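Note that the protein sequences, when read in sequence, are chains A and B. With full-length UniProt numbering, letter number 331 in the first sequence gets 331, and the count goes up by one each step, no holes. With full-length UniProt numbering, letter number 155 in the second sequence gets 155, and the count goes up by one each step, no holes.
I should point out that these hints are in silico values taken from the structure, not numbers from a laboratory. Keep in mind the model is a prediction, meaning the values are calculated, not measured. Hints are supplied without guarantee of correctness; some may be wrong.
What the hints assert, rightly or not - Below, simulated DSBU-like cross-link-like pairs (lysine-lysine); rule was C-alpha separation at most 30 Å, straight line:
1) Lys-305/A <-> Lys-69/B
2) Lys-97/A <-> Lys-69/B
3) Lys-293/A <-> Lys-161/A
4) Lys-213/A <-> Lys-293/A
5) Lys-280/A <-> Lys-364/A
6) Lys-293/A <-> Lys-150/A
7) Lys-45/A <-> Lys-305/A
8) Lys-280/A <-> Lys-235/A
9) Lys-213/A <-> Lys-69/B
What the hints assert, rightly or not - Which chain A residues stay away from chain B? Per the calculated CB distances, all over 12 Å, these:
10) Gly-35
11) Leu-123
12) Gly-130
13) Lys-154
14) Ala-176
15) Val-215
16) Ala-217
17) Arg-323
18) Val-398
19) Arg-404
Note that CB positions come from ideal geometry on N, CA and C, so glycine has one too.
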Amino acid sequence: MKKFAVAAVMATALMSSTAAMAVDLEVTHWWTSAGEAAAVSEFAKVFEEQTGNTWVDSALAGSGTGANPVIISRIIGGDPMGATQMNTGRDAEELIKAGLMRDLTDVVADMNIDSFYVDESLLTPCRYEGGLYCLPVNIHSWDWLWLSTKAYTKIGQPVPKDWNEYVASWPALEEAGILPFGLATGWPFSGIPGVLMSGIGGSDLVLAINRDKDVEAVRGPQFRKVAEALDSLRKVISPETMVPSFGDVGNQLLEGTAAGNIHGDWLQGDLQVAGGVPGKDYECLPALGLGDKLTGGGDSFYFPKLPEGTDPAVLQAQADLARILISPEAQLKFNLVKGSMPIRTDIDLAAANPCMQKALGMLKNGLLPSGDFSLSSDTQQQFQDLNTEFLDDDSITVDDYIERYASILESDE
Amino acid sequence: MADAAVPLDAGAETTVNRPSLLKRILFNNLPAKIAALPMMVTVLVVFVGCTIWTIYYSFTNSKLLPTGKFVGFDQYERLFATSRWNVSVTNLIAYGAMSLVFTLVVGFILAVLIDQKIRFESAFRTIMLYPFALSFIVTGLVWQWIMNPTLGLQTTLRNLGWTNFSFDWIANPRMVLFALLIAGLWHGTGFCMVLMLAGLRGVDEEIWKAARIDGIPTWRTYVSIVLPMMRGVLVTALVIIGSGIVRLYDLVVALTNGGPGISSEVPAKYVFNYMFSGGNIGQGLAGATMMLLTVVIIMVPWAYLEFGGKGRRT
Chain A
1 MKKFAVAAVM ATALMSSTAA MAVDLEVTHW WTSAGEAAAV SEFAKVFEEQ TGNTWVDSAL
61 AGSGTGANPV IISRIIGGDP MGATQMNTGR DAEELIKAGL MRDLTDVVAD MNIDSFYVDE
121 SLLTPCRYEG GLYCLPVNIH SWDWLWLSTK AYTKIGQPVP KDWNEYVASW PALEEAGILP
181 FGLATGWPFS GIPGVLMSGI GGSDLVLAIN RDKDVEAVRG PQFRKVAEAL DSLRKVISPE
241 TMVPSFGDVG NQLLEGTAAG NIHGDWLQGD LQVAGGVPGK DYECLPALGL GDKLTGGGDS
301 FYFPKLPEGT DPAVLQAQAD LARILISPEA QLKFNLVKGS MPIRTDIDLA AANPCMQKAL
361 GMLKNGLLPS GDFSLSSDTQ QQFQDLNTEF LDDDSITVDD YIERYASILE SDE
Chain B
1 MADAAVPLDA GAETTVNRPS LLKRILFNNL PAKIAALPMM VTVLVVFVGC TIWTIYYSFT
61 NSKLLPTGKF VGFDQYERLF ATSRWNVSVT NLIAYGAMSL VFTLVVGFIL AVLIDQKIRF
121 ESAFRTIMLY PFALSFIVTG LVWQWIMNPT LGLQTTLRNL GWTNFSFDWI ANPRMVLFAL
181 LIAGLWHGTG FCMVLMLAGL RGVDEEIWKA ARIDGIPTWR TYVSIVLPMM RGVLVTALVI
241 IGSGIVRLYD LVVALTNGGP GISSEVPAKY VFNYMFSGGN IGQGLAGATM MLLTVVIIMV
301 PWAYLEFGGK GRRT
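Just chain B, same shape as in the assembly:
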C-alpha cells in the first residue's frame, strides 16, 4: 500500500525536495496510519507484550503470584521430567495428525458430494454444519454419555440382544484418543465442508466446461485442477483446524477429563491445572511457552514459503 502511494516520488528522483526516509515512514498516508494505530497498539501490548511476559515468568519460580526469582531452566527441567506432560505432548501429536488429515479429507469429500447439484442441498448443509454450533463442552458431554460403557451404546445394544457387542474406547487407554477423534470430527468436519464448498463454488464454470470438452474424468478434474485452484481456502482451513488442535482443551475436559488415568491428557489442560488449581504459575507458563514454541516451529517455515519470496504468489 505504501508503495502504491509514492510512485511520483520514486519517478522524480531529481526533485530537490525529496522527503527523508524517516519522514516518509512516519507521515506518508497519515490518515491510514492513524486509523491503524489502535490495532497496532493492541497487537504490541496484548499479543507481543503478554507473550514476552509469559516467556519471562516461565524462567522464574513464581507460585500463586508472579513474584518469583529467576531460576533459569528449572521449570523446563521439571516439565520434561513429568510423565503427565510427556504423555500430553505425545497425545497431542497423535490426535493432531489424525484430526488434521481426517477433517480435511472428509470435509472435502462431503463438499464434493453436496456440490453435485443435489436436492435439498441447504437442508444437508444445515445438518452437517449443526454440530459446529454446539460448544465443545456440550459435544463432549453428549459423546461421553453415548460412549460410556455402562450407560451408553454398549449397554443399549447388549440389552437388545447383541450380547458380545463391545464399544468401550472411552475406558480403554489405548483407544481413548480415537474416542476423542470421533467427537472432534463430528464437531469440526461440517465447518471444513462449508469452507471447501465455498471454494468449490468459486471455481469458474468455464473451467469445468473446458475440462469436459477435453474428456478429463470428473475425479481427475477435482484432484488436478480444482484442488490446486482452492489453495486459499485450503490454507484457511488448515490454519483454523491447526489452531483448534493446539488449544484442544474443553473437549477433553468434558469427554474424558484426561482419563482413563492420564491417557488422554493434553498440554493445554496441564497448563491450566498448574496455573490455577496447582498455584504454580512458573510451571504453567513453561508449558505455555513450549506450546508457543511448537506453533512457531510449524508456522515460520510456512510463513517463509508463503510470504518470503516476493512475486512468487500467483
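So that you can see chain A by itself, here it is in the shape it has in the complex:
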C-alpha cells in the first residue's frame, strides 16, 4: 500500500508539467465554519490538480479579531506564510508600505485583470505606488433586507417591495405581537448604517463618504435622512428582544416571530441550513429595494515576500496560486460553495439561487466601495462604537449622531 502511494506521488510529480518539482505552500485563512471550509478546499483542489504542489492548509480561528493579529505578527516576525487571506481593505496597508508583501504586477501582467474585475474599486485597496499587492477573490455585501413571509401572512399584508413599504408595515406588525425588526446583540448592528446609506442616501452619498471622505456630505440633507431612518429603527428595537447571534435572527424570520432584518449575504447560508427557501419562506431585497447598486467588500489574498534564499519553485508556486485564484474555473467552484459573488463578470452562475441572481444582476451596474476600502480600521472601530452607543442611548439625538459621525470622519488618516 505504502509503495503504491509513493509510486502514485512520483507519477503525479512526473506528469505535472507546470511545476518542475512539487513544493509545499502554506496558506493561512480564517474560513473555519463548515461551509467556508468546504469553499476553501475547492481552491486547494484546483491548485493541487493544476500544479502538482501541495496546499498546506493553516486555518486560524477567530476571524478578523483573532486570526488577523496572528497573521500580521507572523509576517512582521519574519515567519511569513506562502499566501494568506484577509479582508479586502486597509488592514494590511502598513505591511504593504513596509515592503513585506510581494508585488503581483508581473505575475498577472498578461491576464489583463482590469477587463474582468467587476469594478475597479475592488482593486483600489490592493494598489500602492504603482504596484499590485493583493487579489480580491470574492464579494460580500451587507446591503440586504430580509423579510419573513410568514410574519406578513399573519397580519394579512403582502410582503413589502422596498424599505418604505416595510417601515409603513411596522405598526400593524407590532399590533400583532410580531417584532418588526429582529436583531442580534453586538456587531450586527454596526453594519446597518452603511446599508441605509446606500439604500436611502443613494450612490452619490456612498461615494462622497466612503471614497472622498467628504465631511460636508455627512452634514448634508441626504445623510440626515439616513440618520433619521436609523433613529426610527432604534425605536422598534429593544435590548430585551435581542438574540445572541445572527443565526437566531434567521430562525425568527423563518418562524415569523420577527418580520425583517438587515444583514449581510452570509445570513443566507444560515437560512438555507435551517431549511428556508428563498421566495417561499423569506424574501430578500438587495439595496433595500431602493438602489440599483450594492456596496461590497469581501476577501483578498496576499502573498508575503519570502526570505532571501527561498527555493525558486516556492516563488513559482506563489505566482501559480495567484493566477489560479482568479481563474474562471476556481472562481466558479469557490463562490458557489461560499455563497458569495465572484469577482469576475464572465462567469455563468446559473446554479445560484434567486437572491443571488438578483445580486448578480445588480453587479452589472458596478459596485459601490464599502467603508472598509478607504477608512482606516481605527475609524471603523470608532464608527462601530458610535453606532452601538446610539442604538441604546436615546439621549443621543440625530443631530449629535451626525456631528459625532462627521468628527470621526474628519480625523480619519
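Put chain B on the given structure of chain A with help from the hints.
Relative to the frame of chain A, chain B by itself:
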C-alpha cells in the same frame, strides 16, 4: 538575607581587609546571586522593559505597527474625550468596589460556616470551589443563557405560570453591572472562601480555648481576635481579587459583550479592541498606561505602609 550573611564584617570594624561596598554588593553570597540572575533578568526585561515600551509608544501616533512619531498627549486627550472609555472607567470602579466588598464578606462568612466542624465538609468545599475551575468564558456563557430574558429564567418562570416575573438585568443598562456581579461572585467567592478557611485553620486552638474561658461570644472572637490574626491571608485575598478586577475582560466579552449599548464596557476591552481590531496601537497603549497608573496609585500607598517602616511588621 544579605544582612544575615555579614555579621562578622560588621562586628570587626577594625579589620584591615574590610571589603569595599561595591565588592560586598556584587560578591557577597555569590551563589545566591547567580541563582537569582535569570529571575532578575526576566523582571527587568519582560516586566520593566515592556512597561517602559508601553508607556513610550502611548505618546506616539502608531497605528498597526509601532512606528509612529511622538505626538505628546494627543492619545490621552482623545482617550478622555471618548465616551466609551469614560463609561468603561466608571463601570470598573462601580463593579470593582462591589465585587471586592462582596467577595471578601461572603467568602469570609462561608468559611466561618464551613469551619463549624460540619458533616460532609469536603463535599461542601468542593461544591463551593467548583465554579473557580471554570474559565470566565464558560461562566459568562452559562450566565448569559440563564439571564437572557427571551431564553432563560424569565421565560421559564413565565411559562410555568408566574406571568409577571421579570429578570432582565442583562438587557437593562442600569442593572447590567449587577448581572456581571452575580456571575463574578459565583465564580470567585469559592476561591476566597478556601483562602479564608486556610487562614481560620491556622489560628491556634489555644486561642479559642482562652476566649471561651474569658466568656467572649463567638462572633466577637471572630471579629476582634481571629480576623486581625488573619492579616496575611486577607492581604493575599485582596491582591488576588483586586488584580482580577482590573483585568476584567473575558467575563464581559462572554456575558454581555459590553452591551446593552456600551453600558457594560470595561477598560481592558477598550484596550484590546483598539490595539487589535482597531489597528491603533497608540490609543490602546494609552488606555493600558492609564490602567497601570490606577494600579500604581492604589499599590504605592499600600506598599509604603506594608514595607516602608522597618520593624513595624509583627
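Tested hints:
1. For the suggested pair Lys-305/A and Lys-69/B, the alpha carbons sit about 26 Å apart, so the restraint of at most 30 Å is met.
2. Distance check on the hinted pair: Lys-97/A and Lys-69/B sit about 16 Å apart at the alpha-carbon level, within 30 Å; holds.
3. Of the supplied pair hints, the one linking Lys-293/A and Lys-161/A holds, its CA atoms being roughly 16 Å apart against a limit of 30 Å.
4. Straight-line distance between C-alpha atoms of Lys-213/A and Lys-293/A comes to about 19 Å, which keeps the hinted pair within the 30 Å bound.
5. A C-alpha spacing of about 26 Å is found between Lys-280/A and Lys-364/A, which places the hinted pair at or below 30 Å, so the restraint holds.
6. This hinted pair checks out: Lys-293/A and Lys-150/A have alpha carbons roughly 28 Å apart, not beyond 30 Å.
7. Between Lys-45/A and Lys-305/A the alpha-carbon distance is near 24 Å, which keeps this suggested pair within the 30 Å criterion.
8. Between Lys-280/A and Lys-235/A the CA atoms are separated by roughly 29 Å; this keeps the pair inside 30 Å, and the hint holds.
9. A threshold of 30 Å between alpha carbons decides the hint, and for Lys-213/A with Lys-69/B the separation of about 24 Å falls inside it, so the pair holds.
10. Taking the minimum C-beta to C-beta distance to chain B, about 23 Å, the non-interface status of Gly-35/A holds against the 12 Å cut.
11. Every C-beta of chain B lies more than 12 Å from that of Leu-123/A, the closest at about 21 Å, which supports listing it as non-interface.
12. With a closest Cβ-Cβ approach of about 22 Å to chain B, Gly-130/A is found to remain outside the 12 Å limit, as its non-interface label requires.
13. The beta carbon of Lys-154/A is kept farther than 12 Å from every beta carbon of chain B, the shortest such distance being approximately 19 Å.
14. Listed as outside the interface, Ala-176/A is consistent with that label: its C-beta sits roughly 18 Å from the nearest C-beta of chain B, beyond the 12 Å cut-off.
15. In this structure Val-215/A is separated from chain B by more than 12 Å, as the shortest Cβ-Cβ distance comes to about 18 Å.
16. For Ala-217/A, the shortest C-beta to C-beta distance to chain B comes to about 24 Å, beyond the 12 Å cut-off, and the non-interface label holds.
17. With a least beta-carbon separation of about 29 Å from chain B, Arg-323/A lies farther than 12 Å from that chain, consistent with its non-interface assignment.
18. No beta-carbon of chain B is positioned within 12 Å of the beta-carbon of Val-398/A; the least distance is around 17 Å.
19. In this structure Arg-404/A is not separated from chain B by more than 12 Å, as the shortest Cβ-Cβ distance comes to only about 9 Å.
Checked against the numbered hints listed earlier, the structure breaks hint 19 alone; every other hint is satisfied.
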